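S.K.: Given the coordinates of chain A, work out where chain B should sit on it, guided by the hints.
Listed here are the chains, written in short residue letters.
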Amino acid sequence: MSFQPVHFYQTGTFTVGNRLLEASERSVQANIERTNSLNSGHRACQGCGEALGARYAIDAAMNAARGRLIAANATGCLEVFSTPYPETSWQIPWIHSLFGNTAAVATGIAAAIKVKKQKGQMGDVRVVAQGGDGGTTDIGFGCLSGMFERNDDVLYICYDNGGYMNTGVQRSSATPPAARTATTMPVGPEPGNQFGQGKFLPAIAMAHEIPYVATATVADLRDLEYKVTKAMGMRGARYIHILVPCPLGWGAASEDTILLARLAKETGIFPVFEAENGEITGNLKIRRKQPVEEYLKRQKRYAHLFGKKPAVATIARLQAAADKNIRKYGLLDQEAN
Amino acid sequence: MLKQTEGSHAVAEAVGLCRPEVICAYPISPQTHIVEGLGEMVKAGEVTDCEFINVESEFAAMSVAIGSSATGARTYTATASQGILFMCEAVYNASGLGLPIVMTVANRAIGAPINIWNDHTDALSQRDSGWIQLFAETNQEALDLHILAFKLAEEVSLPVMVCMDGFILTHAYERVDVPTQEQVDAFLPPYEPRQVLDPTDPVSIGAMVGPEAFSEVRYLAHAKQMQALELIPKLAAQFKTIFGRDSGGLTHSYLTDDAETIVVAMGSILGTIKDVVDEMRQAGEKIGVLGIISYRPFPLEEVRNALQNAKRVVVLEKSLAVGIGGVVSTDVRMAMSGLQLEGHTVVAGLGGRAITMKSLHALFAKAVAGELERLTFLDLDWDVVNKQLERERTTRRSGPAAESMLRDVGVVAARIG
Chain A
1 MSFQPVHFYQ TGTFTVGNRL LEASERSVQA NIERTNSLNS GHRACQGCGE ALGARYAIDA
61 AMNAARGRLI AANATGCLEV FSTPYPETSW QIPWIHSLFG NTAAVATGIA AAIKVKKQKG
121 QMGDVRVVAQ GGDGGTTDIG FGCLSGMFER NDDVLYICYD NGGYMNTGVQ RSSATPPAAR
181 TATTMPVGPE PGNQFGQGKF LPAIAMAHEI PYVATATVAD LRDLEYKVTK AMGMRGARYI
241 HILVPCPLGW GAASEDTILL ARLAKETGIF PVFEAENGEI TGNLKIRRKQ PVEEYLKRQK
301 RYAHLFGKKP AVATIARLQA AADKNIRKYG LLDQEAN
Chain B
1 MLKQTEGSHA VAEAVGLCRP EVICAYPISP QTHIVEGLGE MVKAGEVTDC EFINVESEFA
61 AMSVAIGSSA TGARTYTATA SQGILFMCEA VYNASGLGLP IVMTVANRAI GAPINIWNDH
121 TDALSQRDSG WIQLFAETNQ EALDLHILAF KLAEEVSLPV MVCMDGFILT HAYERVDVPT
181 QEQVDAFLPP YEPRQVLDPT DPVSIGAMVG PEAFSEVRYL AHAKQMQALE LIPKLAAQFK
241 TIFGRDSGGL THSYLTDDAE TIVVAMGSIL GTIKDVVDEM RQAGEKIGVL GIISYRPFPL
301 EEVRNALQNA KRVVVLEKSL AVGIGGVVST DVRMAMSGLQ LEGHTVVAGL GGRAITMKSL
361 HALFAKAVAG ELERLTFLDL DWDVVNKQLE RERTTRRSGP AAESMLRDVG VVAARIG
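First to last, the protein sequences are chains A and B. So in the numbering used here, the last one in the first sequence is 337, and the numbering has no gaps at all. So in the numbering used here, the last one in the second sequence is 417, and the numbering has no gaps at all.
Quick caveat, the hints were computed from the structure, so don't treat them as lab data. It should be emphasised that the depicted structure is a prediction, and the values quoted were computed from it without experimental measurement. One or more of the hints may lead you astray.
[Stated by the list, open to error] Derived, one-sided and incomplete: chain A residues facing chain B with beta-carbon distance under 8 Å:
id, residue
1, I70
2, A72
3, V80
4, I92
5, L98
6, I109
7, A112
8, I113
9, Q118
10, K119
11, F200
12, I204
13, K324
14, N325
15, I326
Backbone N, C-alpha and C fix where the C-beta goes; we use that ideal spot for every residue, glycine too.
Next up, chain A with everything else stripped away, as it sits in the complex (with noise of 0.2 Å):
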């Protein structure tokens, strides 16, 4: 991508130090001064993506902001592993209302700051909001669909993790098809999580037009901070959506959190891209395209697809859909290939 001065895989790997770059080109989370907006401490599981995917975003934006920053949190984990009483990790203001009102709570923060700032009683200040993909796609949607209408000056974060974590892992409107919840048990004749039409959420903010909409995951973590960076330079609605990987839910190792995303976004089941004004501005290309089962075979939740039997149609079922998404948004450059 055009922000991208150094091409990060050129060891290999994405690892590459930031003692390799200038200090101006250096992230956000390798500068001492960061903020540690979610602090140490916090009581997320080993490996968990949002818990890294929140630092990063909320670090970026706080720097984006000059510290001024304001941010509503969805009932879900995210809150309930960094705020118990009388604990917290928040080194910003921060607020917890309900499960699915963040998007509107938010709004109401924006609207007090515009009114303050009027009358000269508070300067600018930045409001994010943030919650699961249960708060986000299913309870909190109408919040959020009225807050992106509005183009209220509100930056929403999703961590899409695919399900109800907090709860026990249940099934949520973001949860993949064919995948393992507490409420969609690997039993019956069609196992797993049904096929429906799906529910993807940056498609639907896009349909709102509002001035900014983007995807990340936790395994491009520069990409992440420059989309959020950018997002704060923005004015209104904006919408990110990060795939954070769940170890719980998933049933997958702590230390392929990092892999897991990257796989998602390197098979096509997870496109990442970015979208202005309801149009697509830009992606991340496919660098080495995988199959799927690359991706489903490292979790227990699609552990049932792999038995003595495997289950090919629904593995090509999962193939077919991670094409489309490769053809919709365009993942592979066709040299490539």
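M.R.: Below, chain B alone, put in the same frame as chain A:
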């Protein structure tokens, strides 16, 4: 300034004078005229430094209010009926967070069957939500209570509902005295929150509280309402010095001192009851009225003091606790505990059924004669009820009753008389 104006508009003017900073609006009858009025005032620049937000639901209305109030903005919204049920989760949240939001509830019935007319079921469904609930008797009182509500809310850090009868007050044109901006400013200082979302002093609001402190937090909510109980009469006294009239307070007594029969009620029906009481007094009957303004906190002591010398108490309420009887009566009984009084619950005016002076005369006469039952449904059409009960005795099938009952009533348009 004296004006002949609609109740909703009087409330809109009062809220405008309170210098609100954020107003959330979502339409539901019969509160719509209030937010329409405020929207126009903000757009026309008559109310300045205020964000008027058209939200997508009542749940969003209260949620936006939570965000703006937590950021230090004086915040207002209005709702009714199904709207208050739809925002219920956020209603509890606002009081739990101690946010001094003021909300008008234009009281209306709750369905099914859907009904847009007045009773108190909506507000009373939120009686345990932790909000202060004040009931207006007249349009003047509705106007005044909003000014008092902002002050009270910000003093005790609790949200306040101002409840006014839908249509009967909201849509009635009456004379009201609209105060000046100077008067309101003298009474109501700017909102100074003790805790606010502020980057210069970051706090976490709304953390999870476990068994180790939850009881204490809930007790403090109760303690704040007990403080409000003491504060409400003081604010009413302050109000009088600035605005020159009695408004607010915990209760209104009318001819209760020597009364043998006291009727207890809330809201606009008090006017009709007073008229009946006047007529019965002329006929020599010792009867009086106790109006409850502050339903939450409930003024147990004032109610007890007002009732203790009476022989009988009739609680006339526009609400029904299905399966037991009255809602307000339960609280009045609590106030009367230990007193040897005859207590009666009268459920009246549900879904806009008119409560006529004629019916009240008959009702109170029956009470005085010792013939009133413990629980009465005023002007119930027993023919309709008995036909339906008979139908249900003869067929096992379940389902909604309203349609067949309407057929028995024999009219298409609602009969409110």
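S.K.: Can we keep the K324/A interface hint, with Cβ of chain B closer than 8 Å?
M.R.: violated (32 Å)
S.K.: Measuring from the C-beta of A112/A to each C-beta in chain B, is the shortest one below 8 Å?
M.R.: holds (4 Å)
S.K.: Under 8 Å, Cβ to Cβ, is where I326/A needs to be relative to chain B, so tell me if that hint holds or is violated.
M.R.: violated (35 Å)
S.K.: Using Cβ atoms only, decide whether L98/A comes closer than 8 Å to chain B, and label the hint accordingly.
M.R.: holds (6 Å)
S.K.: Does the closest beta carbon of chain B sit nearer than 8 Å to the beta carbon of I109/A?
M.R.: Since the shortest Cβ distance to chain B is 4 Å, the answer is holds.
S.K.: At a threshold of 8 Å, is the proposed contact between I70/A and chain B supported by beta-carbon distances?
M.R.: holds (5 Å)
S.K.: Once the shortest beta carbon distance from I92/A to chain B is found, is it less than 8 Å?
M.R.: Result: holds, 5 Å to nearest chain B Cβ.
S.K.: Return the status of the interface hint for K119/A: holds when the least beta-carbon distance to chain B is below 8 Å, violated otherwise.
M.R.: Given a least distance of 5 Å, the restraint on K119/A holds.
S.K.: I113/A was flagged as interface toward chain B. Is the shortest Cβ-Cβ separation under 8 Å?
M.R.: holds (6 Å)
S.K.: Any CB of chain B closer than 8 Å to the CB of F200/A?
M.R.: The hint is violated - F200/A has no Cβ within 8 Å of chain B, the shortest such distance being about 21 Å.
S.K.: May I ask you to test the interface hint for V80/A with respect to chain B, counting a Cβ-Cβ separation under 8 Å as satisfied?
M.R.: holds (6 Å)
S.K.: Should the interface hint for I204/A be scored as holding, given a Cβ-Cβ cut-off of 8 Å against chain B?
M.R.: For I204/A, the interface hint is violated, since the closest Cβ of chain B sits about 15 Å away, which is over 8 Å.
Comparing the model with each numbered hint stated earlier shows that hints 11, 12, 13, 14, 15 do not hold.
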